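Participant: Given chain A, work out where chain B should sit, using these hints.
Number of protein chains: 2
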Amino acid sequence: MEQKIRIAVVGYGNIGKAVEQAVLHAPDMVVNVVFTRRDPSSIKLKDSAAQVCLVSEAERLKSDIDVAILCGGSATDLPDQGPHFAALFNTVDSYDTHARIPEYFASVDKAARAAGTTSVISTGWDPGLFSLLRVIEEAVLPSGEAYTFWGPGVSQGHSDAIRRIPGVRDARQYTIPVERAVETVRSGDQPHFTTREKHLRDCYVVADDGADVKGIEKAIKTMPNYFADYDTKVTFLSQDEMDANHAAMPHGGFVIRTGQTGEGMNHVIEFALKLDSNPAFTGSVLVAYARAAYRLNQERQTGAKTVFDIAASYLSPRTGEELRKEML
Amino acid sequence: MEQKIRIAVVGYGNIGKAVEQAVLHAPDMVVNVVFTRRDPSSIKLKDSAAQVCLVSEAERLKSDIDVAILCGGSATDLPDQGPHFAALFNTVDSYDTHARIPEYFASVDKAARAAGTTSVISTGWDPGLFSLLRVIEEAVLPSGEAYTFWGPGVSQGHSDAIRRIPGVRDARQYTIPVERAVETVRSGDQPHFTTREKHLRDCYVVADDGADVKGIEKAIKTMPNYFADYDTKVTFLSQDEMDANHAAMPHGGFVIRTGQTGEGMNHVIEFALKLDSNPAFTGSVLVAYARAAYRLNQERQTGAKTVFDIAASYLSPRTGEELRKEML
Numbered sequence: 001m002e003q004k005i006r007i008a009v010v011g012y013g014n015i016g017k018a019v020e021q022a023v024l025h026a027p028d029m030v031v032n033v034v035f036t037r038r039d040p041s042s043i044k045l046k047d048s049a050a051q052v053c054l055v056s057e058a059e060r061l062k063s064d065i066d067v068a069i070l071c072g073g074s075a076t077d078l079p080d081q082g083p084h085f086a087a088l089f090n091t092v093d094s095y096d097t098h099a100r101i102p103e104y105f106a107s108v109d110k111a112a113r114a115a116g117t118t119s120v121i122s123t124g125w126d127p128g129l130f131s132l133l134r135v136i137e138e139a140v141l142p143s144g145e146a147y148t149f150w151g152p153g154v155s156q157g158h159s160d161a162i163r164r165i166p167g168v169r170d171a172r173q174y175t176i177p178v179e180r181a182v183e184t185v186r187s188g189d190q191p192h193f194t195t196r197e198k199h200l201r202d203c204y205v206v207a208d209d210g211a212d213v214k215g216i217e218k219a220i221k222t223m224p225n226y227f228a229d230y231d232t233k234v235t236f237l238s239q240d241e242m243d244a245n246h247a248a249m250p251h252g253g254f255v256i257r258t259g260q261t262g263e264g265m266n267h268v269i270e271f272a273l274k275l276d277s278n279p280a281f282t283g284s285v286l287v288a289y290a291r292a293a294y295r296l297n298q299e300r301q302t303g304a305k306t307v308f309d310i311a312a313s314y315l316s317p318r319t320g321e322e323l324r325k326e327m328l
Numbered sequence: 001m002e003q004k005i006r007i008a009v010v011g012y013g014n015i016g017k018a019v020e021q022a023v024l025h026a027p028d029m030v031v032n033v034v035f036t037r038r039d040p041s042s043i044k045l046k047d048s049a050a051q052v053c054l055v056s057e058a059e060r061l062k063s064d065i066d067v068a069i070l071c072g073g074s075a076t077d078l079p080d081q082g083p084h085f086a087a088l089f090n091t092v093d094s095y096d097t098h099a100r101i102p103e104y105f106a107s108v109d110k111a112a113r114a115a116g117t118t119s120v121i122s123t124g125w126d127p128g129l130f131s132l133l134r135v136i137e138e139a140v141l142p143s144g145e146a147y148t149f150w151g152p153g154v155s156q157g158h159s160d161a162i163r164r165i166p167g168v169r170d171a172r173q174y175t176i177p178v179e180r181a182v183e184t185v186r187s188g189d190q191p192h193f194t195t196r197e198k199h200l201r202d203c204y205v206v207a208d209d210g211a212d213v214k215g216i217e218k219a220i221k222t223m224p225n226y227f228a229d230y231d232t233k234v235t236f237l238s239q240d241e242m243d244a245n246h247a248a249m250p251h252g253g254f255v256i257r258t259g260q261t262g263e264g265m266n267h268v269i270e271f272a273l274k275l276d277s278n279p280a281f282t283g284s285v286l287v288a289y290a291r292a293a294y295r296l297n298q299e300r301q302t303g304a305k306t307v308f309d310i311a312a313s314y315l316s317p318r319t320g321e322e323l324r325k326e327m328l
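Line by line, the protein sequences give chains A and B. Per this note's numbering, the first sequence starts with residue 1, numbered consecutively. Per this note's numbering, the second sequence starts with residue 1, numbered consecutively.
Hints listed in this document are in silico derivations from the structure and should not be mistaken for laboratory results. Predicted model, so just to flag it, every value in this text is computed and none were measured. You can trust all of the hints, since none of them are fake.
Okay, the calculated bits of chain B under chain A, using three or more residues with CB under 8 Å as the criterion:
hint, segment
1, 12-24
2, 261-267
Below, a list of computed lysine-lysine pairs in the DSSO-like style, where the Cα atoms sit at most 27 Å apart:
hint, chain 1, residue 1, chain 2, residue 2
3, B, K214, B, K233
4, B, K233, B, K198
5, A, K325, B, K110
6, B, K4, B, K62
7, A, K110, B, K325
8, A, K198, A, K218
9, B, K198, A, K325
10, B, K110, B, K62
11, A, K4, A, K62
12, B, K325, A, K198
13, A, K218, A, K233
14, A, K46, A, K62
Pulled from the structure, derived: some chain B residues nowhere near chain A, Cβ distances all over 10 Å:
hint, residue
15, E2
16, A115
17, G151
18, D160
19, Y294
Ideal placement from N, C-alpha and C gives every residue a C-beta, glycine not left out.
Extracted from the complex, chain A is given alone in its bound form (with noise of 0.2 Å):
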């Protein structure tokens, strides 16, 4: 039997945890350590025998991984994180701050060309699946309109910006794309959105005793870029009702094409996700690009690669002629 792509976790958070979950349905991968920039022996791994080491320890360790997965964040961690590890692994990471894509693709690129190792940046399902969809859509019906829409699901980011106003002691922001938008885009018309139109913003928020709620729901309502732009709906909850009915991070979304080919057909075709926990499912979707980065890498595929640069082949532990048999 070959032997196992040997995987290592960058960071134990919600994201690492769910990668460390997601080797186990990959017959063909193991953890083979954990990356943390706490105390190694403050980490107990939840189902694996890995190492654990601290990332200072990243280049001692070079022969002993096949791919580092990335599991920090994009606004601090993996714009430093994302070339160093390139230079040392072949990687992968989930880097989302979609402005700054073509910058941080340059410097993985560079960091990875240089050392001959293999980078996927950029995966997940949005950047990932969703952005891989939305470039098929394109090309196979090339004139029409794209939409996507996220959700019912947890944004990390607007239940931050809640928690950040005084007196909030937790908060959690649902985002819910509008059933009607949704619908209508499906029956394939090509309608003009305004944000409103699309989105719904569903907020729960534990406020501080004696707390000025009135306050705060127009703090939330008027927040410019995150809420004021959307239909904002605001509850207030006592922390033991947060704990017991927000705890999940379900999300997902909907990409949607319609179109007309040459003779006045229309065509609608959509990709729909409908997850129990967003990083469960990320970290999932990184474990099969860490099997594309590897097999990359084996044929002196190097540098930095997206979604777009990458057959589906290489995310299938099945071989070509499995595939072609039984898939196709």
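Facilitator: Frame of chain A; chain B shown alone:
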């Protein structure tokens, strides 16, 4: 400006005409030649200034064509045409006899490798996009079940089978996914369906004057493989009604995978198509893969390829930079 990719359309039936239309939506392509086995002077092209030539003239036109899109049928045309044209040109086809794909792949691969050409076989939407999504969905959610539903749409094979019954003048068969089965799958359940539970068969039949309609209905409903295992509805109508109401060739369907990641989290992935015209959309997909065949060949990636082997960037007229900046 770069020169356009020069396309040959091989066979000017429903798919060939759809390819001609689809190329009009591709800024980087032009139809240069239409090959036919009929008298070329009898072919009136709808929207292009291409020359119409006999299939037997193909070799003479080698330097005028970048990719030949083979629009013949899988039963008798492609088994010969596939390897024959692969020896002359880069090719794309929609070979769809699932059981014989490995054999067809081998014969086209051999011809293409010897000639240094690139051939994309078995593309369109199923096989094609549906196959691609089955592989992607399985790779990112390995522990789960996959379901493909077809329709609502016209099945040419089933319509033909009805037409072969004595006393039938014309027939149209719609394959209809059972709504309740689709909803059950979407909810995240993983049922095992019988054939009957997944699809209905809805038949519209024009009988000859004085034909035994009860006998025809029974012959349809008991026909092995085609109808016996399904709930089948048969409606008799006049030829005028048939021509007025059943001329279109809509189709579509769903590729749904439901599964779990490590910690008991359930996820549903769905890809859906709703097509006004099966051949028009198939033609549009073939054209996107023709772009890929051309580009792969420019990179000396020769031989037979399937949708599993081709990264999305090869399908898109956009550059890698544009894709990363605008679509990721």
